[in-house]
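Now that you have both chains on their own, put them together as the hints suggest.
Protein chains in written order, with my numbering: chain A, 8 to 303; chain B, 294 to 563.
If you are wondering where the hints come from, they were derived from the structure by calculation, not from laboratory data. Any given hint could be a false lead.
Derived EDC-like pairs: lysine to aspartate or glutamate, alpha-carbon spacing no greater than 20 angstroms straight-line [said to hold, decoys possible]:
hint : chain 1 : residue 1 : chain 2 : residue 2
1    : A       : Lys-62    : B       : Asp-560
2    : A       : Lys-258   : A       : Asp-281
3    : A       : Lys-258   : A       : Asp-222
4    : B       : Lys-414   : B       : Glu-399
5    : A       : Lys-142   : B       : Glu-399
6    : A       : Lys-62    : A       : Glu-31
7    : B       : Lys-302   : A       : Asp-131
8    : A       : Lys-36    : A       : Glu-242
9    : B       : Lys-414   : A       : Glu-121
10   : A       : Lys-100   : A       : Glu-78
11   : A       : Lys-224   : A       : Asp-245
12   : A       : Lys-224   : A       : Glu-242
13   : A       : Lys-100   : A       : Glu-121
14   : A       : Lys-268   : A       : Asp-245
15   : A       : Lys-183   : A       : Asp-216
16   : B       : Lys-414   : A       : Glu-81
17   : B       : Lys-302   : A       : Asp-245
18   : A       : Lys-100   : A       : Glu-81
19   : A       : Lys-62    : B       : Glu-557
20   : A       : Lys-36    : A       : Asp-181
21   : B       : Lys-414   : B       : Glu-557
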Amino acid sequence: MAAVINTFSLTKFYGQSRGIQAIELEVEKGEIFGFLGPNGAGKTTLIRLLLGLLKPTSGSSEIFGLNTLTESLEIRRRVGYISGDLSLFESMKGRGLINLLNSFHKNHSPRLDELALQLDLDLDGPIRAYSRGMKQKLAIIQALSHNPDLLILDEPTTGLDPLMQQQFYDIMRDFKAAGKTIFLSSHILPEVEHICDRIGIVKEGILIDVENVADLKRNKIRRLQIVLNRDVQAEDFDLEGVEILAIDGRKAEMVVRGHPKMILDHLSNLPIEDFVFPEASLEETFLQFYETGSPS
Amino acid sequence: MLLYFSTIKLSRTALFTWSIIIWIYSFLVAYMYNSIKDTTEMENLIDVIPDHLKAAMGTAGDIDVFIDGIMDPNYFITQEYLAWLPLMLAIFSVFYCGGIISREAERGTLDLLLSQPLARKNLILCKLAAFLTMVILLLIFSCIGISLGLLIIGTSINIGHLFLAHITIGLLIFSVSAYCTLLSCISMDPRHSIAYAGAITSGMYILNFMVPTLGSFKWVANLSLFHHLNIFNTLSSGTTNWNGSVVYISTGALCLVLALLIFERRDLNY
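Chain B on its own, in the form it takes in the complex (with noise of 0.2 angstroms):
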């Protein structure tokens, strides 16, 4: 338990800035949305983009809600900062997660920890639930920060509907934060770990963004994370994807399993 702690405290910086990174985001976007709530102006404004820059936006396959619903603050909310809080986390677990055990080998700490009576598998689970304790507590910052902006300006969502998507955002940061550290178990040079890590979840990022142009190769687009959520439903009607949320878990448990396969079985030579 002590190692679990005393990650999270040497991570504090990382935490803190992050926090309020988060925060004061979430709160901004939801105090915006009274700046624009009553304004028809950006219905038009919408009508005149192109499709493709709309698709670049983000908002492909969802068009006709985009123009109909900009003033639903479900939808505000989503598109402005629900939206990105993925890219951010994922980024987040990339440069964290993709160094967990990589990073410990080339500051030479690896080994001091390890010529203890600590077992490797230990290593990982303390280090990566430290690390999703942090993501968790910065979930509840981006909620409290939404929350708050919103009732500040006298405006309201379900609660639920926002718990619940904050978790789904939860579960796929598991299994970002999985393949990142499988990555970091197999390299054990942190440049490299990050950049794979990194290289691929900007992939999936991108791929979940071409889904219109991909035409008849749309299935392609599932092998993106970021691909099965869907955040809009889940704030406005609180359904679930939940073979999303099954893909999250199975791929966070069978990246995590491989990470402690490959961490336990290999030398640690470097």
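In isolation and in its complexed conformation, chain A is listed as follows (with noise of 0.2 angstroms):
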């Protein structure tokens, strides 16, 4: 598949404060990569740059092949973005906000109104009076609505209530249907869990991983409670990727990586009363790649 967004060793600095360093990255077409990493961790700066709004101290990206730098102009015809900081003209109206952006593209968008009743947003009232739930709304409209190849998305669903955040991973996927392609920053686990393909994880401006979700999830850390018809020893789970947290009398916990069917296999040997076995979440992975760097 083409490469979308490339990143070739890209390095920022703040005078001497670290923003990200010797980035290299490769966003296909079509898919769907979030870009994960704490506050701080460089993923508003990778974004600006991209945007063309910082200059890398060194290295350099390219978008549809076109260099972020010098050809920024070509590529924001073909990106919708939506800031983290979201910031917009308090006493404009929705619709001339959007109808002033749109005259940037050229493009009246007729995906307008459309994509105000998808989210459901009255255009014609003032941006003043909008909730913040509104205004992200609104901001994920104007980054639509000039049908973009590209979507740059900073925290985009901060703001929305949980039915409103299902509706815009529905656009999400809906966008991804049409051979288009999503950058997604978040420290939202569940959220990039949810809609992403790969996911880069960035820690201290670095980038740690790139990984496939789907594989993420098979190598994940799950924790497991188990209770037995007798007191626990130790020996009972002296297995490869068990990791016994705690023992107390009849009860254990403990983390598990990897697939499933090992520990459930043995579990099936020992006299088990009870067990809580949650659905794996991708957060102790993450916690795990931040503490030492990799998954396991």
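Okay, here's the thing in structure tokens:
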């Protein structure tokens, strides 16, 4: 597949302060790529570099094969962007703002009202009267209304209620189904897990890993709590990928890495009275990433 | 073009307020001329004013003309109104253009605009053009106000000269707005950029007042943009200080080019 976003040892320092360091990234056409990291990890710096708002200290980046520094204008014609730090012209009306922004694209999209209807937003109201969630919807509409080929989203669901989040995810899936690409920066793990195909994990400005979400799910860490009808012995769980966290009489708590089949087979040979094996979450895996730089 | 019109629309309250102030002020000053034009006591009163106080009133160097010509409507309009109009418009420039970019950065709307296919230079030019359009509108209101005021009291001045004087003021404001825009592109904090623009503008205005006290250092007054204005001459005889106009246009153009270059090359990090 053709790469939509390419970065080549992209580095940004703010004076002596680190922004991002030597980021090598490739985002393919038609995928939803999640860029995951805690606050201050460098997510927004990368997005601002891609949009040409910042100049790299060294390295370079391309979108659609165009240099983000020298051909930024052409790139921005084909990109929709939602900023994490949302600011709109408060004294304008919703429709006025979208028309203003669309005028730069020379494209007054017929999708405007369709999107407004889908997101249940009155475009003829003054923006200053909008709630945080309504402003976020307006930002989503402005990002989509000129029919871009790439969406760059920085914490896009902030302020949306769960119902609207689901609608937003549906819109993203439709966007992807049309063969378009999404680059999503987030620190909300369930969101990333829910809609992304691949994830890049950034820690202190360095891209420490890029993984398929499906692979991560297979390898991720799960917590297991069990109750036996006798006291638990440490030897009971002397298995590869199992780490006992606590033993309290007949109860034990442990973390399990990798596919659950092995531990389930093992449990069938033990006098189990009860057990809790919750749905796997990426959270443990990512915490592991941030502590050790690897998922295992 | 939509950005240009939107910028004017978003500034409509400021434009309306300034228009009313300038229109009423110009009209009242012109109308007020009726109350002093035949008063001989005025000359006696001016005679007894100490020289340094006259200098502080901005009449330094032109004292004789001031005393002899106070009854001249051209001189009255210059002293009571057109001498202040550049300062009023300069203050408008400082607050508007001093934050023309930095205010957008602070509000966060700069990211919204520049994530669209909008060239940075076009953003500056569009916003500055919108501001200069508002200044032109204010100057037109000013011309109308003076003309109407004088018309009502049955006094006339040369409308062509009045128009020329306003064009000169417009050129001065162009140069002020250009260096204010430059400062706004250098500092992304509007408090700083407006403060710097205000300090430079007030410094130049005060320097122009200090001309009589500068002695052999009078040449320093050339550093003040206000020093190159000679509105009375323009209004009374239609002569223009072409050197001053060249200074305004070249200063404005230079600052604008620098603003475009700096804004084009800088990181938008705030």
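Here is how each hint holds up against the structure:
1. A/Lys-62 to B/Asp-560: Answer holds: A/Lys-62 to B/Asp-560 is near 6 angstroms, not above 20 angstroms.
2. A/Lys-258 to A/Asp-281: Holds: A/Lys-258 and A/Asp-281 sit about 9 angstroms apart, inside 20 angstroms.
3. A/Lys-258 to A/Asp-222: 31 angstroms, violated
4. B/Lys-414 to B/Glu-399: OK: B/Lys-414 and B/Glu-399 at ~19 angstroms, within 20 angstroms.
5. A/Lys-142 to B/Glu-399: Roughly 18 angstroms separates the two Cα atoms, so the pair holds.
6. A/Lys-62 to A/Glu-31: OK: A/Lys-62 and A/Glu-31 at ~16 angstroms, within 20 angstroms.
7. B/Lys-302 to A/Asp-131: 17 angstroms, holds
8. A/Lys-36 to A/Glu-242: At roughly 49 angstroms apart (the allowed maximum being 20 angstroms), A/Glu-242 and A/Lys-36 break the hint.
9. B/Lys-414 to A/Glu-121: 34 angstroms, violated
10. A/Lys-100 to A/Glu-78: With a Cα-Cα distance of about 32 angstroms, the restraint between A/Lys-100 and A/Glu-78 is violated, given a limit of 20 angstroms.
11. A/Lys-224 to A/Asp-245: 23 angstroms, violated
12. A/Lys-224 to A/Glu-242: Given that 20 angstroms is the threshold and the Cα spacing comes to 28 angstroms, the pair is violated.
13. A/Lys-100 to A/Glu-121: 18 angstroms, holds
14. A/Lys-268 to A/Asp-245: Holds - the C-alpha atoms of A/Asp-245 and A/Lys-268 are around 16 angstroms apart, at most 20 angstroms.
15. A/Lys-183 to A/Asp-216: 23 angstroms, violated
16. B/Lys-414 to A/Glu-81: Status holds; Cα separation ~15 angstroms.
17. B/Lys-302 to A/Asp-245: The hint is violated at about 73 angstroms.
18. A/Lys-100 to A/Glu-81: 28 angstroms, violated
19. A/Lys-62 to B/Glu-557: The hint holds at about 11 angstroms.
20. A/Lys-36 to A/Asp-181: 14 angstroms, holds
21. B/Lys-414 to B/Glu-557: At roughly 7 angstroms apart (the allowed maximum being 20 angstroms), B/Glu-557 and B/Lys-414 satisfy the hint.
When each numbered hint is compared with the structure, violations occur for hints 3, 8, 9, 10, 11, 12, 15, 17, 18.
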